Structures are given as C-alpha cells and as structure tokens.
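Q: Please put together the full structure from these sequences, using the hints given.
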Amino acid sequence: MTGVPPLDEIIETFEVLDDWENRFEYLIDLGKTVPILPLSERTEDARVHGCQAQVWLRLGLDDQNDHRIWIRAASDAHIVQGLIAIVMAIYAGRTTNEARTVDAEAIFRKLDLEAHLSGTRRNGLAAMIARVRNLAAHQTAVGGDA
Amino acid sequence: MTGVPPLDEIIETFEVLDDWENRFEYLIDLGKTVPILPLSERTEDARVHGCQAQVWLRLGLDDQNDHRIWIRAASDAHIVQGLIAIVMAIYAGRTTNEARTVDAEAIFRKLDLEAHLSGTRRNGLAAMIARVRNLAAHQTAVGGDA
Amino acid sequence: MPSTPTALDIASIRGQFPALDQQVHGKPLVYLDNAATTQKPQCVIDAVVNFYTSSNANVHRGLHELSARATKAYEAARAQIASFVNADAAAEIIFTSGVTDSLNLLASTLGASTLAEGDRVLLTHMEHHSNIVPWQMACERVGAHIDVIPVTDIGELDLQAAADLVGPQTKVVSCVWVSNALGTVNDIAAVCRLAANAGAISIVDAAQAGAHVPIDVQEIGCDFLALSGHKMYGPTGIGALFGKRERLEALPPYKGGGEMIQSVSFAGTTYAAPPARFEAGTPNIAGAIGMAEAARFLASLDRDAIHAHEAALNQIATESILQIEGVQLFGRSANKVPILTFNIDGIHPYDLAPVLDHYGVAIRTGHHCTQPLMDRLGISAAARASFTIYNTREEVDVFIHALTRARQLLLG
Amino acid sequence: MPSTPTALDIASIRGQFPALDQQVHGKPLVYLDNAATTQKPQCVIDAVVNFYTSSNANVHRGLHELSARATKAYEAARAQIASFVNADAAAEIIFTSGVTDSLNLLASTLGASTLAEGDRVLLTHMEHHSNIVPWQMACERVGAHIDVIPVTDIGELDLQAAADLVGPQTKVVSCVWVSNALGTVNDIAAVCRLAANAGAISIVDAAQAGAHVPIDVQEIGCDFLALSGHKMYGPTGIGALFGKRERLEALPPYKGGGEMIQSVSFAGTTYAAPPARFEAGTPNIAGAIGMAEAARFLASLDRDAIHAHEAALNQIATESILQIEGVQLFGRSANKVPILTFNIDGIHPYDLAPVLDHYGVAIRTGHHCTQPLMDRLGISAAARASFTIYNTREEVDVFIHALTRARQLLLG
Ligand SMILES: Cc1ncc(COP(=O)(O)O)c(C=O)c1O
Ligand SMILES: Cc1ncc(COP(=O)(O)O)c(C=O)c1O
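Protein chains in written order, with our numbering: chain A, 1 to 146; chain B, 1 to 146; chain C, 1 to 412; chain D, 1 to 412.
Bear in mind the hints are in silico, worked out from the structure with no lab data behind them.
What the simulated footprint calls covered on chain C by chain D, stretch by stretch (three residues with Cβ under 8 Å from a Cβ of chain D suffice, anywhere in the stretch; the number is not a length):
(1) 22 to 31
(2) 102 to 110
(3) 118 to 132
(4) 234 to 243
(5) 275 to 285
(6) 369 to 377
None of these values were measured; they are calculated from a predicted model. Each residue gets a CB set at the ideal place from its N, CA and C atoms; glycine is no exception.
A: So this is what it looks like as structure tokens:
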C-alpha cells in the first residue's frame, strides 16, 4: 500500500478518465489506498454522523511535524472510502493555515462529486470537511478525535 | 313595522333591482323589517360566534302553531341584519319538515349573497343556518335558544 | 373489487407528469423513488398556479371577492379530501403540513388529554420514525409506555401477538397502513378492530396508502387517519388528518394562534370548534388546493386498473431482481405495493445509488426512517426502488439492467 | 438611511404580480389586504413551478440527481433567508410553516426547557393572537405568568412602563416588530436590549416586517425572529425562524419524526443538531424555494425607494381618510408602515367591506387577530386598508372615493 496519491495526481487522473464508469472505478481504487483504520479505533467518539454509510474519522495535529494535520479514517462503503481518500489528499499533511485557505467544495465540484456534498451537515462528506475545518480554525491539537 | 316580507317578494325584488347599490340598499332596508330583539334577550347563550358582527339568534318551535319554527334575531351590522331578514323569510313559520327540504345556500347564491356564506362554520350566516337546521333535524322544541 | 380491471393507459397518465420527461446524466429519467415523494401531474401544478395568479388572498375573515374565492376554494379542498377518504363531513378533515405534523398533533394532544401514567401506546415494529418519536416524547412526558407489534420474517404484522399486547391500559393504537420500507399492506381494519375492542383510539399512518390504496375510513373503522400531499401527487408542505367528529371534539388545541380561537384576552382564551381549533395561523392555502386536485386526479383514475398495473410491476420486478446473484429482498408479503427494498451481498447500498443514478435510475438508500425495522431485519441500511402508477415495465427492465451492471462494477 | 432614495418604478414592479391584473365586480382590483397576505410576483410562482417540473424529489437522504438538486435548492433557500436577515450561518434558519408555527415551536420548547413556575413572559398589548395564545398555553403548563407592555393612545409601545415590567423572573420577551393592526414600527432593538439586560430571551414577530422593513438580526440583537413567506410575496405554508446558534442548540426538539433524529430505537432516541432537529418530516420544499425567491426579489429592490414610496402612500392615505367625516383612525405613530385601521361613526366595519368590494377595493375587517388590542382601543372590530410596494397613489384615490360612497350609502 503506497498510501493516498497527491491531490494533483488525483485531479489529473479524473480529467483523463472521460467516462463515468472509469472515474467511478478510480474513486473506488482510491479508497483502497487509504491506510487501514484498525477496528479498535473505530469507536463511537470517532463516528461521523449524518452519513448513510458508517464513517470513522480521527484527526489531529502532528506534534513532531510542524503541527501538520493528520487524518485516519474509514468507511464501510466503497464510495465514501474513496471520498475519504480525497479528503486526506486535500488536507492531510497540511498546516492549519494552509487548510484554512483550501476550498474543498470547489475540488469536489471539479471532480464532479458534488452530489455527495449536498445537504450540508447531514452528509458524511460535508461533516468530514467540517471537522477538519473546525480543527484548523481552532488551531489546537487534540489527541485522537478532535 | 310590517315584518319581514315573504321570500318570494324578496327574490323578485332582488331580480328587479339591476344594480348592486340598489340591491344593497334593499338588503339594508330588509334588515329594518326584522322585529326588534330586546336588549334583555341579547344574552351570551343567544350569541352566534364566528361572525365579525355581533349576532344574537333565538329560535324554537311554536307549541301553539303546529310546531312551526320561530326566529328572533339581531345584529349590530346592517348587512347581517339584512341577512337575518332573509334567513327569517326562508325559515320562520315553516314546519321542521319543510325546513329540512329548503336549500338556503341556493337561495343566497341566487341573491348573489354567496360571499357571506363562505368559510362555513366560521361565518355568522352559515352558523345561523346551521342552528336552524339543527333544530329542524332534531325536531325537539327547546324553549328559548335551541 | 370488480373482476375485470380495464387496462390503464400508462402513457397518457405518464404524459401528465412533466418532471418525468427529462434526462439525467444523458439517460431518460427512471424515477423509482416514489415512496419518498411522488411527482406532480400538470393539473396539480396548474391548480397551485391558478390560485396564486387569480384568487390569492387570506381565508376566512375577508369580506372581499378574492378572500371569498380563496375561502371557497380552501373549504372545497377540505370537502374533496373528506370525500377522498369517505369521511362523514368536511369538518372531520384538518389540514396539517404532513403526516409527521398530524402524528405530532395527535401524540401531543392525546398526551395532554388521554394518556396518563402507566398507560400504553401500541405501535408496530415497522413504523416510520414519524409514528415512533412523537409517541416516545408524549409517553416520556406522562410516564406512559410503548408496546410493539412484532413483524414476521416475510414482513407482515404478527396480529396474533398483537392481540396479546392489547390490554386495559392500551389507550392508543397507531399503525402504518402501507409500510414504506417493506411495501406490506397491513390488514388495517383488523388493527382498528383490535383497538376498538380494547376501547383504545386507533390511528392510521396512511402516508404510503394515499397513492396506492383506495381509502374508506368508515370501512376501516379508524378514529384518525393521516395523509401527506406530496406522497399522493400533491404539493409539499400539506397534509390532511381525518378525525372522527367526536374524537376531534374531545381533543384540546395543539398550536395556538389566529383562527383557532373563539376569543382571546390576557385574562383567558376560549377555543373554536374543530376543524378551526386545529388550524392555527394562515394555512397552506395553495397546498390544500393542490392536494385536493391530486385527490381529484386519483379519484378520476380507474383504481382497479391501477391496482392491477402496480401488482404486475411488483411481480415482474420481484421476479427479475431475485435472478440477480446475492440479492436479499426484504418484505415478501403477498399483499404489498410495488416497493422493493433490498441489498446485494458485498455491496453497501450507498455505493449502489450513484451507479444507478448514472443509468438514469433514481432509487433511495438508507434506513428509510425505519431504524427499528432495520434492526429487526439485521441491517443498517438498504436500497429501495419504489414504483407507482406512472412507472412502466420498460423501466423495470432498465432498473434491473442497471442493477446488474452496478453489481459487476462494485464487486469488481 | 441614504438621503436621496431613487424613485421606484411602481408600474414595473406591479407588472410582475399577475393577480393584480384583474377586475372584480367589473372594476380594476385595488388590493389593500396586504397585511393579511401579499400577492406573489411571477418569479416566485415560476420558482415553485420549476421545482415541480424539473427537480422535484425528497431532500437530504437521496443519492440520485433529482434528490441532489432538490437538496441543493432547499439548502440554498436556507442560505438565502439567512442572508435576508443577516444571520451568521444558514444553520441558524429553521423552516417552519409560518410565524404561528414558529412561535408555537418556541413557546413549546422554551416552555419545556426554560420556563418554570413563577417565571414571567413579557408580551405587549398589540400582539397578534399567534404571539399570545402559545404563551398562554405554555405558561399554563408550567405555572408561569404573562406581563403585558402597555400601548399608548397613538398606538406605540410604552417602553418606559416596559422597563418596570422586566424583572429577574422575566425569562422571555416576545414582541411584534410591525403591528398588523396599527402599522406601528416598534423600536425592536430597544425591546431586545431590555430583554438582554434582564438575561431574558428575546423573540421578534417579524410577520409584517418581512415585506416592509430591512431585517438585520445582528443589529436588532434578537435571539429569535419569525417570518411568514406569504406575507412577504412568498408562498403559503412556509415560514422561517431565525435562532442564534447557541440558543437553538440549547432547545429540546419540538416535533418528532424523520430527519430530526440521530438514531431511533424503541429503547431510546437521540436527536440531530439544529437546524435538522427542528425540521421533522418532509419539509415544504417547494415553499422554501419560493420563499427564498421572494427574499431575493425583495433584496433586489431599492429598499430606500420602497420606504419612501410606502411613506408617501401612508401620508396621502392618512391625510385623505381624515377628511372623511366621522373617521376614527387607530395607530397614529410617526413611525409606521402604510396600514390604516379605522372605523366610521355609525357604521359597522362588516358593512363597509362588501361595499368597497363592489368598487374593486379589497380591505379586511374584524379584530385582525388582536382582540386584546381591540379591547384596549375600546372597539370590537375595525376596517383595515393595508398598502404595500405595488400599490399606487391612484389606488389611494379609488379607496378614498369608495369609502366616501360607502358612507353615503350606509348612513343615508
Ligand atoms: C403581526 C403578526 N403576527 C403573526 C401573524 C401570524 O402569521 P401566520 O398566519 O402567517 O402564521 C400575523 C399574520 O396574520 C401577523 O400579522
Ligand atoms: C409510512 C410513512 N409514515 C410517515 C411518513 C412521514 O411523512 P412526511 O415526511 O410527509 O411527514 C412517511 C414518509 O416518509 C412514510 O413513508
């Protein structure tokens, strides 16, 4: 497992793939690049509610590494797992300053995955982005789930 | 005061009067033919609710006279007083059997006074008709307010 | 039911629904999310537009022409719904904003007037959250309890068990007529009899029944019955609650405001008679008129032919879907409307919907606001394809084809 | 407010309202019943029609294209209303079915969470029944009491007296911004400050403000503010309730049902965060979209020019009506919208409306759902002519002429 590819590569690949089935398969493949979240970490406090699929999201700031954002997450649905990969490509390893300036919605719109964003706050993807933003906004690293 | 004219005469007069102002004035004049309801009889139990104007309505069956319907009523609004006159022309002095077969709404429609009927049950005219009908349906004479 | 239903002219029915005539992702729309909400025929849209363009006014207290017209149209809508459910009188119909609002009205007012500590409310394991949560809230307030009629493996009510659950403390029996998750058409008359025999009030959630089943409250023998406009080809934001006259008269008011009062003073307020008592504030006038038009539309159709058409859709869709490997179909009652709720082994329903969407096929996934039923079925979510009068056999084929393709794509 | 409002092009605004272009009893309609409900511009009607003809689906849990579109449109409507009232976030807007529903939501949930025995709720003597009855019901449940800010002879709030009525037990202050019966525009920011200083929750009934006054909840400093779509050129059956985020988060749920839950089981149910927590069931999706379009329409107008136009209508109508013998005009504040509530000596208002109707003039008569105010004014009913942006000076003339004629007819 080489980990989630960089965001640029993901965007480029989406652009190259001209038919939705291929993009769809790529999204599912992306999901497989997300490092596995051990079952022991899939606890209630890490649950992201509002998604039909189950989603666990743990995130924080890395003490060792410039206080950059780290994300570990998982879902039981392929597509959501793919979306998680993209969220990680967008945010993981960034400083909170960087994270604050990123327009994640615009990226999902560009990738034609906007439908998964609709219904803000009741939707897993939107809730994930909101959690990362919340972390970035408050700047304070919280061990484990923030 | 000669009392409320017979229904036929009212309908004919409405037909002859071809402009609404004249019909309106006639309706108001009709109201003046209703025998006065003494203040002492304008009590809460005789109130008809649901009308913007105040309406008092007392009715019953006449023991002396073949159990025919008697009506005594009053309103503080001219138009409603006129409508009362028509209700009396329709129902007063009838037997309950006769009353049950009268289509009062059709008469008001014919007289182009339908607007006063709308909003059944929240409206004074409709409530008056409903009270008379109720009396007719139950056949039992109740002294005073029925 | 008469024996020879005439064939329905589906194409002509379909042609009345403008939203069906569109493409999605370059494919013709196959709308199979009818249990969530139905599309609207042109006559319903026109009724709403006509109201706004020619008769718009507030109702009941106006003495001018527009207000008289609006009041007349609004009260005619009430009469139309009364006739749609075969109520005794128009005054037995309360306009609400939907089934959820109606059930909250009942739970709140019965909670304040009828339920006491130790009393019991009987629900079923297949209820929609709208027929569970309001009762939980009401019961919590007064210290009453909820009993639950079990659901059998094929998705029917266990009426045998139900009989044992009814006792002297049972004050309310509230039951879904047609399950939005299983498609099952419950023997609602039997449930209402059970309630009546125990002296309990019977309430029918007819959200899904509206579009599929002819409704006769006298035949069913229910005390209350709730409909949502948007699930029976009518507008959003409007619902109708039937209540037997004497039941309505016994209920305290729900919301306070204009129109529901007889007189207001800071010293004390008296309330109007039903239905006004339960319609505080300016009602959804255009909504009521649109819903009545939808009822008129439904009443104008040959209900037996609809039934036959929907039964055929159900049969062919069921047979076809079961040919797909790994399909688990929930709700296998012989008495059901064409609602197919299913999962495919190894595939999360969340993954299914977007794939089908690319084939133009709109289905819904999730818990369908029936989490207790999902628990009962041992699943957390499922996919649901729900058909209605305007769906065709060709659409069943497109659906099955898309599903097969999705399975290939997702199982790799 | 900038000093030189540009002239409004009333004819072009008027042209957007199809219902205004009709005759009544053979006379051009002069619609002066705007405080009861406003007419709808074509853009609002079109927004509703477009939703039904192209994007109709249920919101929030669908993963197909139509549902995504419907959800996006519904949430965009929420954002539009948030911007209309200058809320901090879209999540501070709850869609309800109108001001009456919103005030019941607040009275019910604050009654269950904030009000206790001996507490006091401060209202005013000019409240609409919708802002009285729900509080009477809530107070009765918990043993709280209502205080009433008096109204002066010219129809303004006596804020001096109000200060004395606020005490440590005052938990809620709920006040109308623009009186539907007097036209008075209250100093609502002062009322909200009074509440804040006492640690009480402030609620603004903005039913009449919606169409007439620019709304900025931050400037007012209110905790809650309620709007009805139908009174601000939007559809019937929809309203919006603004609530400060932390206030909404502190409120228990109102109605139970779909969408407002986090999880449901018969063992116990947990609730979603606002705004979902307060939107049980399928919302009035088309209504919300139409209301947002109405807000967009209003926002697109030059509000200063509207204000100037309405002030001119008010002045000319007031001056003219006072020339008619025997006219008593209620509500003489310098700070008012063009609502004229009046009686004519010797004439019952019930008699006035049908006569005016024959001149094409639609006015309302009755207690205007403000019986306590009527008592304060020593009357049981009054006539009301309420003007809005699309009314013209010529219509004022027609109204005054019809009134003069009616007086002759009724007194003569
Ligand atoms: C001041 C005021 N408050 C509340 C209401 C109630 O609004 P709705 O009937 O839309 O719920 C109205 C409208 O009649 C009003 O004018
Ligand atoms: C069986 C059933 N009951 C209740 C409801 C709630 O209806 P509404 O959302 O229109 O209030 C629904 C719709 O989702 C339903 O299917």
